[in-house]
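Asks: Residue numbers (our numbering), protein chains in the order written: chain V, 985 to 1037; chain Z, 32 to 276; chain E, 36 to 247; chain Y, 27 to 270.
Please note that a few of the clues may not be correct.
Partial pick of chain E residues on the chain Y-facing surface, computed with a CB cut under 8 Å [claimed, not checked]:
1. M92
2. A93
3. Y94
4. E124
5. E130
6. A142
7. R145
8. W164
Quick list of in silico lysine to aspartate or glutamate cross-link-like pairs, EDC-like style, CA-CA up to 20 Å [claimed, not checked]:
9. Y:K67 <-> E:E130
10. Z:K119 <-> E:E55
11. Y:K62 <-> E:E130
12. E:K45 <-> E:E243
13. Z:K119 <-> Z:E264
14. Z:K148 <-> V:D990
15. Z:K119 <-> Y:D122
16. Y:K67 <-> E:E135
17. Z:K119 <-> Z:E182
18. Y:K67 <-> E:D166
19. Z:K119 <-> E:E96
20. Y:K62 <-> E:D166
21. Y:K62 <-> E:E135
22. E:K45 <-> E:E70
Hints are computed from structural coordinates only; laboratory data are not their basis.
Note that the Cβ used here is the ideal one computed from N, Cα and C, for glycine as well.
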Amino acid sequence: MMRFLDMGGYYPWVWPAYAVTLGVMGLNIYWAMRLRERARRAALRRLQTQEEP
Amino acid sequence: MTWTWFHRLASPPHLYRTAGRLTPWFAWPAALLIIAGLIGGLWLAPPDYQQGDAYRIMYVHAPSAWLSLMVYTIMAVAGAIGLIWRMKAAHALAAAAAPIGASFTLATLVTGSLWGKPMWGTYWQWDPRLTSELLLFFLYLGYMGLRAAFEDLQRADRVSAVLAVVGVINVPIIHYSVVWWNSLHQGPSVMYLGKPTMPPSMLVPLLLMFLGFTLFFGAVVLVRLQGEVLNRERAAHWVEEELGA
Amino acid sequence: MRGMSETTLKGENVHLWRGERHVLRGVAFTVSGGECLQLTGPNGAGKTSLLRTVCGMAYPEAGRICWRGTDVREDLPSFHAEMAYLGHEPPLKMELTGRENLHYWVAVRRRFAAAELEAVLGRVGAGRWADRPVRTLSAGQKRRVALAGLLLMAVPLWLLDEPTTNLDVEGQHLVGALIDEHLAAGGLVMAAVHHPLAVSERGLRRLELGGV
Amino acid sequence: MSELSVVPSLTRPERAPRNAPGAAAVAWMMLERDLKLAFRKASQLVQPLAFFAMVTTLFPLAITPELTRLRHIASGVLWAAALLSSLLALEFLFRDDAQDGTLEQYALSGRALTGLLAAKTAAHWLLTGLPLALIAPLAAVSLGVPAHALPGILASVTLGTVTMSLLGAIGAALTLGVRRAGALLSLLTLPLAIPVLIFGAHATQLAIRGQPYGAALTLLGALAVFGMTLAPLAAAAAVRINLE
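Work out the full structure, taking the sequences as your base and the hints as a guide.
Replies: Next comes the structure, spelled out in structure tokens:
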């Protein structure tokens, strides 16, 4: 296990590279969900204001 | 007649529902492929005889680079379709794709420089591939900056579509001029990519990652697409039905 | 259809959105040769939007604009060659003189003789200041130079947005007279106005746009 | 009013008025108009040139006054300065005309906007690109460049600024509807201008070393021709969208 984590001595570069990429993926998922949620709320708001007149 | 599916897909309610239905079909295979690729790339594949374990950065670097280019092309094609046929759905797709492409371009740059440190002894080398990627990142920034500069979504869609088309025509010119420039000043790139004699134990995880990243993009862009379609919809009854207002 | 030769401008069920606002909701109108359509309505009722939609500068969500029986979007350049649009502000370069402005504005469309330019300037009463830089002219004088450009284009369809803005009483009568003459020659006018135009009742049609 | 002969044009629904000037005449008229307007506001013409001279002065002051060392970086300095100065006046390429409504009149004139914008871009190049190309050899001398390299510098900057004006026209058209567009315009235009920078600086470097630079000039020329065919189309599309 330690040998795996050590990555042949290249651990200071290999693990950050994976962390950055997986982090970008996580952020993308989060941003996408947030965008869709906000759009849904905005659409609902528009529907409510349009029904009044 | 063959065009009916095209127009049906482009109608906002249909697109919204289809995108919602398709998302899991992209998300789960993407997750499985990426996990398999990670195990294969980090654990099962043997160390490289030249680069040792540092080459394993390739398994995240190369698929990110592939996404950065693919997404820009998708943006430009969608933009052109949106301009020619005045199709809001295509513009929504371009708008949904841009931030994903930009973020993976940034990931490519960061992983590339992390790979560069053990290989070149420096985090940044004016290597043609990294330089092109940096310029692509600027193109993405310009595209998103232009989009953000307009209040009116319709106008933002169409103006940025023109930019994406101009950009995609220029990307190969920029890339080849950078390669040409680099060949004048230093030797060829030391990166690992495109080595023909890669053993299957190294190659298979890479292919899994390529496919996994592409499907991941598909899943994320579908979720974003739903949001962008809603943002472009004003007072349609289908929104009411769909959201249960 | 005989429509090709009829000089008719027709709007059918025009819907236009500006951002979040549904500005035009199913507007319909018809103007034929010799007729003036006067657009009235409160601010924000969509008078300017309708004019811009007609000239192809705004894209309607639904409906169409037909000129001589065909949708203008099928061939915008030919339609533009037969129409003139005057917006809120006279489209003039401040650094150029009135005469230079008219030259660079109209001569890209059609060649005209010097005598014709003089006749037009005389008609709008702009002959005396036509050689001064537009920067030095009053708002009313600029408006007159713009009217000279309108005449000089010699097109059948006029689209006018508040054509009497900044004009004195005499100038407002001039606009009325110019429109009357244009109609008498078989032309068409569509004008957005706050105050009714000083034109003869014959050939005058009205379209009231509702506010939101 | 019968002498104004409005009537004939009413009764014949033909494609264009019979006495419409040709496309070349229209383009020429536009070019003449823009040149005339520019010379009425002459101070704006000098600014990009002064900027270019200023930037090339910064390098000797920042790095070294030794001409032998400056000569090595001269091509980079000249091209970075040329690119930046040609961006300066771009924001107003179409903006003035859009604000006073004259651009709208041209868009509604029934004439091809592509040709009109190409003419405006040509005027812009004559007013900024060409003067830059003419003073670039002077700036080069001040950076210790030998005299035999000056024709090559003149030729390469001339060709390079053509492409810069064309790319700039696209950027200016795209940002026409944006209020403060300066920084955005540079962000859009500069990445597209990288090939110009690479080929131009390379041609200049070869010229300074006394080597043949024809191939690099050919590449610059190819970029310019490519730009001429496509940039006015893109600019016209963007202007139409922004006038809406």
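Asks: Look at each hint and say if it fits the structure.
Replies: Comparing the hints with the structure gives:
Taken as an interface hint, M92 (chain E) checks out: its beta carbon lies about 6 Å from the nearest beta carbon of chain Y, inside 8 Å. Using the Cβ-Cβ criterion of 8 Å, the hint placing A93 (chain E) at the interface with chain Y is satisfied: the shortest such distance is roughly 6 Å. Interface restraint check for Y94 (chain E): the shortest CB-CB distance to chain Y comes to about 7 Å, inside 8 Å, so the restraint holds. Look at E124 (chain E): its Cβ gets to within about 5 Å of chain Y, closer than 8 Å, so that hint holds up.
Evaluation of the E130 (chain E) hint against chain Y yields a held restraint, the C-beta minimum of about 4 Å falling below 8 Å. Interface hint status for A142 (chain E): upheld, as the beta-carbon distance to the closest one in chain Y is roughly 6 Å, under 8 Å. Interface restraint check for R145 (chain E): the shortest CB-CB distance to chain Y comes to about 5 Å, inside 8 Å, so the restraint holds. Hint status for W164 (chain E): violated, given a least beta-carbon distance of 18 Å to chain Y, over 8 Å.
This hinted pair checks out: K67 (chain Y) and E130 (chain E) have alpha carbons roughly 8 Å apart, not beyond 20 Å. Only pairs whose Cα atoms come within 20 Å are accepted, and K119 (chain Z) paired with E55 (chain E) is accepted, the gap being roughly 15 Å. In summary, the hint linking K62 (chain Y) to E130 (chain E) is supported, as the alpha carbons are separated by about 9 Å, within the 20 Å threshold. A hinted pair counts as satisfied when its Cα atoms are at most 20 Å apart, and K45 (chain E) with E243 (chain E) qualifies at roughly 16 Å.
Note on K119 (chain Z) and E264 (chain Z): the hinted pairing holds, with a Cα-Cα distance of about 9 Å set against a maximum of 20 Å. For the proposed pair K148 (chain Z) and D990 (chain V), the alpha carbon gap of about 17 Å is at most 20 Å, so the pair holds. Between K119 (chain Z) and D122 (chain Y) the alpha-carbon distance is near 31 Å, which puts this suggested pair outside the 20 Å criterion. For the hint pairing K67 (chain Y) with E135 (chain E), the CA-to-CA distance comes to about 16 Å; that is within 20 Å, so the pair holds.
The suggested pairing of K119 (chain Z) with E182 (chain Z) holds, with an alpha-carbon distance near 16 Å, which does not exceed 20 Å. In summary, the hint linking K67 (chain Y) to D166 (chain E) is supported, as the alpha carbons are separated by about 18 Å, within the 20 Å threshold. Under the criterion of a C-alpha separation no larger than 20 Å, the hint pairing K119 (chain Z) with E96 (chain E) is consistent with the structure, at around 11 Å. A hinted pair counts as satisfied when its Cα atoms are at most 20 Å apart, and K62 (chain Y) with D166 (chain E) qualifies at roughly 15 Å.
Distance hint between K62 (chain Y) and E135 (chain E) is fulfilled; the C-alpha atoms sit about 10 Å from each other, no more than 20 Å. For the suggested pair K45 (chain E) and E70 (chain E), the alpha carbons sit about 12 Å apart, so the restraint of at most 20 Å is met.
Hints 8 and 15 from the list above are not met by this structure, while the remaining hints are.
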